[in-house]
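Asks: The chain contents come next:
Number of protein chains: 2
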Amino acid sequence: MQKLALLGFGTVGQGLAEILLQKKDALKAETGWEGKVVAISDMIKGSIYDPEGIDIEKALAIVKKTGTLDDYPESEGLIRDLDSFETIEQTNADTIVEVTFTDVKTGQPAIDHCKTAFAAGKHVVMSNKGPVALAYKELSQLANQHGVRWGFEGTVMSGTPALRMPLTALAGNDINEISGILNGTTNYMLLRMEEGLSYEEALTEAQNKGFAEADPTSDVEGYDARYKIVILANTVMNTTLKVDDVACDGITQLTPYDIKKAKAQGKRWKLIARVRKEHGVVKASVQPEMMDETHPLAQVQGVINAVSFECDLAGTITLSGPGAGRTETGYSLLIDLLNIYRNHL
Amino acid sequence: MQKLALLGFGTVGQGLAEILLQKKDALKAETGWEGKVVAISDMIKGSIYDPEGIDIEKALAIVKKTGTLDDYPESEGLIRDLDSFETIEQTNADTIVEVTFTDVKTGQPAIDHCKTAFAAGKHVVMSNKGPVALAYKELSQLANQHGVRWGFEGTVMSGTPALRMPLTALAGNDINEISGILNGTTNYMLLRMEEGLSYEEALTEAQNKGFAEADPTSDVEGYDARYKIVILANTVMNTTLKVDDVACDGITQLTPYDIKKAKAQGKRWKLIARVRKEHGVVKASVQPEMMDETHPLAQVQGVINAVSFECDLAGTITLSGPGAGRTETGYSLLIDLLNIYRNHL
Numbered sequence: 001m002q003k004l005a006l007l008g009f010g011t012v013g014q015g016l017a018e019i020l021l022q023k024k025d026a027l028k029a030e031t032g033w034e035g036k037v038v039a040i041s042d043m044i045k046g047s048i049y050d051p052e053g054i055d056i057e058k059a060l061a062i063v064k065k066t067g068t069l070d071d072y073p074e075s076e077g078l079i080r081d082l083d084s085f086e087t088i089e090q091t092n093a094d095t096i097v098e099v100t101f102t103d104v105k106t107g108q109p110a111i112d113h114c115k116t117a118f119a120a121g122k123h124v125v126m127s128n129k130g131p132v133a134l135a136y137k138e139l140s141q142l143a144n145q146h147g148v149r150w151g152f153e154g155t156v157m158s159g160t161p162a163l164r165m166p167l168t169a170l171a172g173n174d175i176n177e178i179s180g181i182l183n184g185t186t187n188y189m190l191l192r193m194e195e196g197l198s199y200e201e202a203l204t205e206a207q208n209k210g211f212a213e214a215d216p217t218s219d220v221e222g223y224d225a226r227y228k229i230v231i232l233a234n235t236v237m238n239t240t241l242k243v244d245d246v247a248c249d250g251i252t253q254l255t256p257y258d259i260k261k262a263k264a265q266g267k268r269w270k271l272i273a274r275v276r277k278e279h280g281v282v283k284a285s286v287q288p289e290m291m292d293e294t295h296p297l298a299q300v301q302g303v304i305n306a307v308s309f310e311c312d313l314a315g316t317i318t319l320s321g322p323g324a325g326r327t328e329t330g331y332s333l334l335i336d337l338l339n340i341y342r343n344h345l
Numbered sequence: 001m002q003k004l005a006l007l008g009f010g011t012v013g014q015g016l017a018e019i020l021l022q023k024k025d026a027l028k029a030e031t032g033w034e035g036k037v038v039a040i041s042d043m044i045k046g047s048i049y050d051p052e053g054i055d056i057e058k059a060l061a062i063v064k065k066t067g068t069l070d071d072y073p074e075s076e077g078l079i080r081d082l083d084s085f086e087t088i089e090q091t092n093a094d095t096i097v098e099v100t101f102t103d104v105k106t107g108q109p110a111i112d113h114c115k116t117a118f119a120a121g122k123h124v125v126m127s128n129k130g131p132v133a134l135a136y137k138e139l140s141q142l143a144n145q146h147g148v149r150w151g152f153e154g155t156v157m158s159g160t161p162a163l164r165m166p167l168t169a170l171a172g173n174d175i176n177e178i179s180g181i182l183n184g185t186t187n188y189m190l191l192r193m194e195e196g197l198s199y200e201e202a203l204t205e206a207q208n209k210g211f212a213e214a215d216p217t218s219d220v221e222g223y224d225a226r227y228k229i230v231i232l233a234n235t236v237m238n239t240t241l242k243v244d245d246v247a248c249d250g251i252t253q254l255t256p257y258d259i260k261k262a263k264a265q266g267k268r269w270k271l272i273a274r275v276r277k278e279h280g281v282v283k284a285s286v287q288p289e290m291m292d293e294t295h296p297l298a299q300v301q302g303v304i305n306a307v308s309f310e311c312d313l314a315g316t317i318t319l320s321g322p323g324a325g326r327t328e329t330g331y332s333l334l335i336d337l338l339n340i341y342r343n344h345l
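From first to last, the protein sequence lines are chains A and B.
Here my numbering is used: the first residue of the first sequence is 1, the next is one more, and so on.
Here my numbering is used: the first residue of the second sequence is 1, the next is one more, and so on.
Simulated from the structure, these hints should not be mistaken for laboratory data.
Any given hint could turn out to be false.
A pair holds if it fits inside one copy or across any two, identical chains being indistinguishable in the list.
Calculated cross-link-like contacts (lysine-lysine; reagent style PhoX-like; alpha-carbon spacing at most 25 angstroms) [said to hold, decoys possible]: (1) K28 / K3; (2) K242 / K3; (3) K277 / K23; (4) K58 / K36.
Nothing here was measured: the structure is a model prediction, and the numbers come from that model.
Working from the sequences, and respecting the hints, build out all of it.
Replies: Set out below in C-alpha cells:
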C-alpha cells in the first residue's frame, strides 16, 4: 500500500484524487497497486494529515463546495496546518505527489520539495516542468543516492508517454533526433490562422476556449516548448542541455501572408521543438517551421501534441495524444506511481 | 550474460545478429545488457553450437557468401547438426530466439518450439505472429508456470512498440477501442490507387518494390491485419478473441470509382483493423473504411503502420512507425531481450 501526500490540491491534484477514487478497485484487480492519500497540503486550501488515510471523497466534495479543506470533518488522529515541508518530513507518506503552484522560471518551491523528499527517503512524482528542465541532473543524482524514484511523465505531454515510451520500449537505439509539436495552444492558433483568423483573433479565441492563459507569453514565445524539449533531450538522449542553449522563436511574428504563402506551396507552419545530435554536438531549437503537408508532424491537428524519435534501429517512431487536461495529467501521476510499485521505468 | 540460441537464420535472424555485432559495446555501456549467441539452427543453412559462443561475424559472412553454415570454422567444442528441438533442449542457451519459417495458419513449428523451451525453463522471444494469434492464452500460461518470459513485440508492428507501449506506459487505463493500419502493403497500394493506379497496377508495383509477396493473399484479403488485431486485443485489452471471431474484408473489391467518390467527399479509404469493447461485448473487424482526411489514421502514408488506443484516462493515443524491415524486426527481438534482462514488461 503506497502512502501518498499531495502537495497542492488544484486541478491536477484533484484530477489524480478523482482517478484514485473512481478506479481504486479496478487498479487493485488489474495491477495489484493500492494507494492511500494520507495528507493533502495546499497553500491556499489548507492542510490535513491522517496517518490512517484521508477520505478522498469528502475532501473533494468539501473543496468543491467551500474552496478550502477547513470543513473536512474532525477525527481522532487528524492533524491540520502542516506546511509542505512538514508534510514531506513529518507524515508517514512514502511518496510525495508534487503538484504545487510552482514558478516555472525558478522551479520553486518544487525543487526544494524534491530535495527534502529525497533526503527523507521518499519517492516523488510530479507534473511541474520547472524542476526537470532546470535541475534534472542534480535531482536525479540525489534520488539515486537515496535509493528513491522520481517520476515526471506529465511534464512533457501530460498522460501521453513521451518519456516512458522511448525509455522502456526504444532502449538500445541511438536516438539522433527528437522533434515535436509540444505546445497545443500555438498549434491550435496556427490551425485557426490557416482558416483565416489573424494572430490576435486566434489568440483571443484560444483564451476564450481556455487553451491559452491571460498572459500567453509562455506559449506564444515558445518558452513552454523549450522547457519540454530540454526535458526530452536530457532524459531520453542523455544530453546535458540547458534551457538557454535552445534557440527559441515563437509564433508572434507569423503574418497572414506567411500562412497564405505556405498554403500555396502545399505547406504549413508548425511550431517545432527539435533537438539533434550530430558528431557529438547537440543542437536544439524551438521555431516555426514550414513543413510539407504530408509530413507526419504537419498533420497534427488542434491541441493535440506529437513527438517523433529518429532511431537508428527501429526507424522513425511518432507518438501523439492530448498534451494537457485535468484527467490526462492526473493519469500521468498515476502511471508514475504504478511503475514505482512495479519497479519498472 | 544472456545466452541465445537462434532458431532460424533468415532475414530477421541475421538482422538481429548484425545488431548484436554492431552494438555490443554500446548496449553493455548503456543498459548493462550482454548477449552471446551460442547456437544457430536453421532448417536449410545448417546448425552450429558452441557452448563458449559462436563468432557472429564469421557466421554472417559465411552465410552471405555460401548460403549455408557448413564452412563455419571447426573448433574444439563445436557441435553441428542439432535440429531445432535439440538446440532448445541440449544447448546451454537460456533464451530461444524463435525466427523460423513458420506456417502462419497452424503456427507450427513455432508453437512447439515455445512449448519445448518453456518446459525446459528457457525464455523465448519471437517475431512469428502465428503462435501469438492462435495460442496466446495457452502459451502465456505455460511460460508463467515455468517462471520464464515470452516476448513477441515484433509480431504486430515490428520495432514500433505497439504492445510494450500500452502495457508499460498506459497501464491503469480502460482501453475501450484499438484501431489501426497494421498492414503496410495495402496502405501503400491504396495510396497509389488514389494517385490513379488500378488495383492490379498498384499490386504489381508493390510486388516489384518488395512490399508485397508473390502470393499477396495474406495482405490484400486482410488476414495479416486480422492476426495482428487479435494479438493486440488479447494482450492489451485482455480479451479472449479468436481469429475466426474477426469479420474480415480486404481491399480486393475496392474500385477506382470508390476511391474517386471518397476523394470528392474529402475522404480516403483505409484498411482498418479495429477491436471495441462495449458493455462487455468484444467486436472486431478488418475492413476498408472511408475516413475523413483529417482523421489521424487517414494521414498515415505509404508503408508506415499506426495504431490508436482509446483510453478512459489518458485520451486517444496514437503510435506510428515502420511495420516491417530487417533491422526494425531484428530490433524488436532485442528490446524483448533487454526487457527480460531488466525484468521489465
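Asks: Against each hint, give a clear statement of whether it holds in the structure.
Replies: The hints, checked one at a time:
Taking CA atoms no more than 25 angstroms apart as the test, K28 paired with K3 passes inside one copy only; the shortest distance there is 15 angstroms, against 36 angstroms between copies. For the homomeric pair K242 and K3, neither the shortest alpha-carbon distance inside one copy (34 angstroms) nor that between copies (41 angstroms) is at most 25 angstroms. For the homomeric pair K277 and K23, the shortest alpha-carbon distance between copies (18 angstroms) is at most 25 angstroms, but the shortest distance inside one copy (42 angstroms) is not. In this homomeric assembly, K58 and K36 come within 25 angstroms of each other (Cα to Cα) only inside a single copy, at 14 angstroms, whereas the closest approach across copies is 57 angstroms.
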